[in-house]
Structure formats: structure tokens, C-alpha cells
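Engineer: Sequence:
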Amino acid sequence: MEEESIKLNENPVKHEFEAEEIQNEKKKTFNWAEFLACVSVATTNLHTGFALGFSAILIPQLEKYNDEMGKISSSQSSWIASSISIAAPFGCLFIAFTLDRIGRISTFKISLWPCFIGWMLIALAFNPKIIIIGRLLTGFAMSVGTNSANVYMAEISSPKLRGSMMSIGSVMLSFGILLMYCTGLYLHWRIVAWIAFVGAIFPVLMTAFWTPESPVWLIHTGQDVKALKSLSYLKNSKYCAGGVQETFNEMKSIKEKKDLLINKEMENSNVFRRIAWHLSKPTVFKPALFMVVFFILQQFTGIYTFQFHAVKMLQEVAQGIDIKFATLLFGLFRFLLSFVATGMLHNYGRRPLCMISGIIMGITLFISGLCFCLRTNGDESIIMTWISLLCMLLYISAGSVGIMLIPWILPSEMFPTEFIFTRILKEYWVVC
Numbered sequence: 066m067e068e069e070s071i072k073l074n075e076n077p078v079k080h081e082f083e084a085e086e087i088q089n090e091k092k093k094t095f096n097w098a099e100f101l102a103c104v105s106v107a108t109t110n111l112h113t114g115f116a117l118g119f120s121a122i123l124i125p126q127l128e129k130y131n132d133e134m135g136k137i138s139s140s141q142s143s144w145i146a147s148s149i150s151i152a153a154p155f156g157c158l159f160i161a162f163t164l165d166r167i168g169r170i171s172t173f174k175i176s177l178w179p180c181f182i183g184w185m186l187i188a189l190a191f192n193p194k195i196i197i198i199g200r201l202l203t204g205f206a207m208s209v210g211t212n213s214a215n216v217y218m219a220e221i222s223s224p225k226l227r228g229s230m231m232s233i234g235s236v237m238l239s240f241g242i243l244l245m246y247c248t249g250l251y252l253h254w255r256i257v258a259w260i261a262f263v264g265a266i267f268p269v270l271m272t273a274f275w276t277p278e279s280p281v282w283l284i285h286t287g288q289d290v291k292a293l294k295s296l297s298y299l300k301n302s303k304y305c306a307g308g309v310q311e312t313f314n315e316m317k318s319i320k321e322k323k324d325l326l327i328n329k330e331m332e333n334s335n336v337f338r339r340i341a342w343h344l345s346k347p348t349v350f351k352p353a354l355f356m357v358v359f360f361i362l363q364q365f366t367g368i369y370t371f372q373f374h375a376v377k378m379l380q381e382v383a384q385g386i387d388i389k390f391a392t393l394l395f396g397l398f399r400f401l402l403s404f405v406a407t408g409m410l411h412n413y414g415r416r417p418l419c420m421i422s423g424i425i426m427g428i429t430l431f432i433s434g435l436c437f438c439l440r441t442n443g444d445e446s447i448i449m450t451w452i453s454l455l456c457m458l459l460y461i462s463a464g465s466v467g468i469m470l471i472p473w474i475l476p477s478e479m480f481p482t483e484f485i486f487t488r489i490l491k492e493y494w495v496v497c
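Position one of the sequence shown corresponds to residue 66 (my numbering), numbered consecutively onward.
Hints were generated in silico from the structure; no laboratory data involved. Only a predicted model underlies this, so the values are computations on that prediction, with no experimental measurement involved. Glycine is no exception: its CB is placed at the ideal position from the N, C-alpha and C atoms. Warning: the hint list may mix true and false statements.
To be verified - Cross-link-like lysine-lysine pairs, in silico, BS3-like; alpha carbons within 30 Å at most: (1) K225 x K346; (2) K377 x K389; (3) K294 x K317; (4) K317 x K291; (5) K294 x K346.
Unchecked claim - Simulated restraints, written as ranges between beta carbons of each label pair: (6) L101 x D289: 19 to 27 Å; (7) S345 x G427: 57 to 65 Å; (8) F274 x F404: 18 to 26 Å; (9) V269 x L189: 17 to 25 Å.
Put together the whole structure using the sequences plus the hints.
Structural biologist: Structural data, given as C-alpha cells:
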């Protein structure tokens, strides 16, 4: 009993595909089935990019134009920008109870409904309250869709490529923000909302063809036939050194050993004691504590605040420079860097990237703030404007390859897959 407990705590197998990939480490054939499944669920980050970038182009239009809605107040603009963050914790709580009950893909598909309804409400809104309700729904959908997609990708992707697979979402998110900037600077915000509505169809189409349910979840719920079918699609004989059946048997054996140990430890215990028992394990509470601190520090960098108010902030910083050019430059640069970040994650460690990212962000923010202070004291030179713009560009660049990306990848690499609830709990606390 004690020996089995030690083995569980050490977590020698990150998840059920780990042993298979260690045996097959030298194989070079690309697994397109696995790649397409990851890309399909990662398309939900397009919607996340839409939600993050939309407020940046919406608020300036509402404050500038007196259409049928009238001019909004500063309080209303703050609510419009922050409402998606208010709804995100409720999405985390929702999937904490649905992921293990109805599955990863089913939970993912549920998130698409509030996404459609939210964007429709925004496009048809006749007052700021309707926009806020629509933003709340899109924030809820963003939280449910992104987190269920991350769990799914962590379970089906190869350990060697898991970081790169998880960073696909960053590319999608950056493209979504860029699309909002490109359209929002030239089109009315209602048209942009309808574009986002249509863009939310992509996850529906892609998951319909290339995303079987996670074999890990199917095995844990006793659906062995479906699990074997899913595993055959994702990890066929070309990628399994011992064959699909042998890989399935190994996954099944690991699951049975874990269940036996947990049942012996927690016999006749209620659900709250079981959760407390899971959280007491060093393999859970140590990475959970680390991730909570990491996410709190990420929030204090202000990078999400910049995303919500990008156009307004650039109007203040880039005086004398075409604001459309500056905004598109930021969106395009962030999109291109998301590809660079994917390659860097595969070739460099997480710690060096985070340290370099944080140092550059701190220096550029300091210089940018210093330039802003000098300008408020009368220095209106174009050189000072360009220095401020360059610093903000470096700030976003450094954040995109480190602080903003890596915290979303680490949970899939640090937590045992059986402790999904803890990963969701971590994100709930962070967003609050």
C-alpha cells in the first residue's frame, strides 16, 4: 500500500500516453490525426481573441459616435471592457463539474451556444446593458471553451510536442485579436460583431470531423469500446510501438491501479473529503500554489488591460502617429510573434523565456512611463512619441512569448491528469 502511494505521488507517468511515446521517441512520422484534433479544439481561441480585441475597437466608437445608443459614460465603458473577466470564474466552476461527467468534447460543444447568443445580442444591442449581457455570455463561453480545449489537448498530445500543441491556441488568439483590429478600425462595430458571430462557426465545423472524445476520459468512465476506437484514430499502429491494443491495455491497467489505491484510501468518504484528499497530495498542491502565484503576477503586468483598451492607450501614447497604423502594427506583430513563441517553446526552457519576458516588460514599461511623464511636462517631440510606441511594441512582444503564454501551458505539464478539478480551481482563483 505504502509503495503504491509513493508511486502515485511521484507521478512517473504524466498521463496514459506517456509510456507509449517514450518507447516511440525516435519515430519521425508526423501524426496528422493528433494534430488536426488539437487544431480543431484550439480554434475556440479565435473566439477568445475576438472577445479580447473587440472592446478595444468598440469603446472608442461608442464614445465618439452618437448613434442610436448615444454616447456611453466612462463607467459603462469600464463595464463593457471588464465583463468578460467577471463571467470567466463561473465558466471555470461550470466545467469543474461537467468535464468528468459528460466529457471534454461535450463540454467544449456546450460552450459554443453562449458564444453564438452573446455575439448576436451584441450585434443587435440597442443600449449598453445589452452589450454587457452579451459580453458576459461571451466571457463565460470563452472560459468554458478554452479550458476544456486545453484539457483535451493535454490528454491526447504527445509529451514531446505537448508544449507546441498547446501553443497553437496562442496563434489562434493572436489572429482573432488581429482580425478585430483590422475590421474594427474600418467597419462599424455591429458589423464586426456579426463577423465574430460567423467566426464562431469554425470550431463547430472542425470538431464535427476531427475530434473524437478523449480516450483518457472514456477509459475512466468505463467506455472501453469507444476508448479503443478513439485511440485507434488518434494513435494508430504507425505511432504506437506496441500497437493500439497494447497501449489501450496499459492505459487501462494504470487506471485500475489508481482506482484501487483511491478506493482503499477514501472508502466511505463523501465528495468533499475526496477533493480534500486529492488537494493534499504534493503532486497537486505544490504546482497549484505555484500556478496561482504565477497567474496573479501575470495579471499585475497589465497586459490584459492593454488588450482591452489598446486603441485608447495608443491614442494617448502615439500622438502625431496614424492611430490605425499603430494599432494594426501591434496586432500584426503579436500575431507573427505567436509563431516565434511556438518554436521557442519547443527549443528553449520555460524558465528562461519567462525571466527574459518579465525583464523586458519591466524595462519597457518603465521607459514608456518616463516618456509619458516627460510629455505631460511639455516635451512633445516626435522622438519621444516614437520611443513610447517602440517600448509598448517591445512590451507586447515580450509578453506574447513568455508571461502571457507560458502560464496557460504549464498546468498541462505540471499536474497529473487525474486532478483536472485542481487546474480549474486554480484558474477560478486567478480570474477572481
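Engineer: Does each hint fit the structure? Answer for all of them.
Structural biologist: Verification of the hints:
1. As the CA atoms of K225 and K346 are separated by approximately 26 Å, the hinted pair is consistent with the 30 Å bound.
2. Pair hint K377 plus K389 holds up; C-alpha atoms about 11 Å apart against a cutoff of 30 Å.
3. In summary, the hint linking K294 to K317 is supported, as the alpha carbons are separated by about 14 Å, within the 30 Å threshold.
4. Only pairs whose Cα atoms come within 30 Å are accepted, and K317 paired with K291 is accepted, the gap being roughly 13 Å.
5. For a cut-off of 30 Å, the pair hint linking K294 to K346 is broken: about 33 Å separates their Cα positions.
6. A beta carbon spacing of about 24 Å between L101 and D289 agrees with the range 19 to 27 Å that was offered as a hint.
7. The hint said 57 to 65 Å for the Cβ distance between S345 and G427, and at roughly 36 Å that hint is violated.
8. In this structure the hint that F274 and F404 lie 18 to 26 Å apart at CB holds, the actual value being about 25 Å.
9. Between V269 and L189, the C-beta spacing of about 21 Å keeps the proposed range 17 to 25 Å intact.
Consistency with the previously given hints fails for numbers 5, 7, ordered from lowest to highest.
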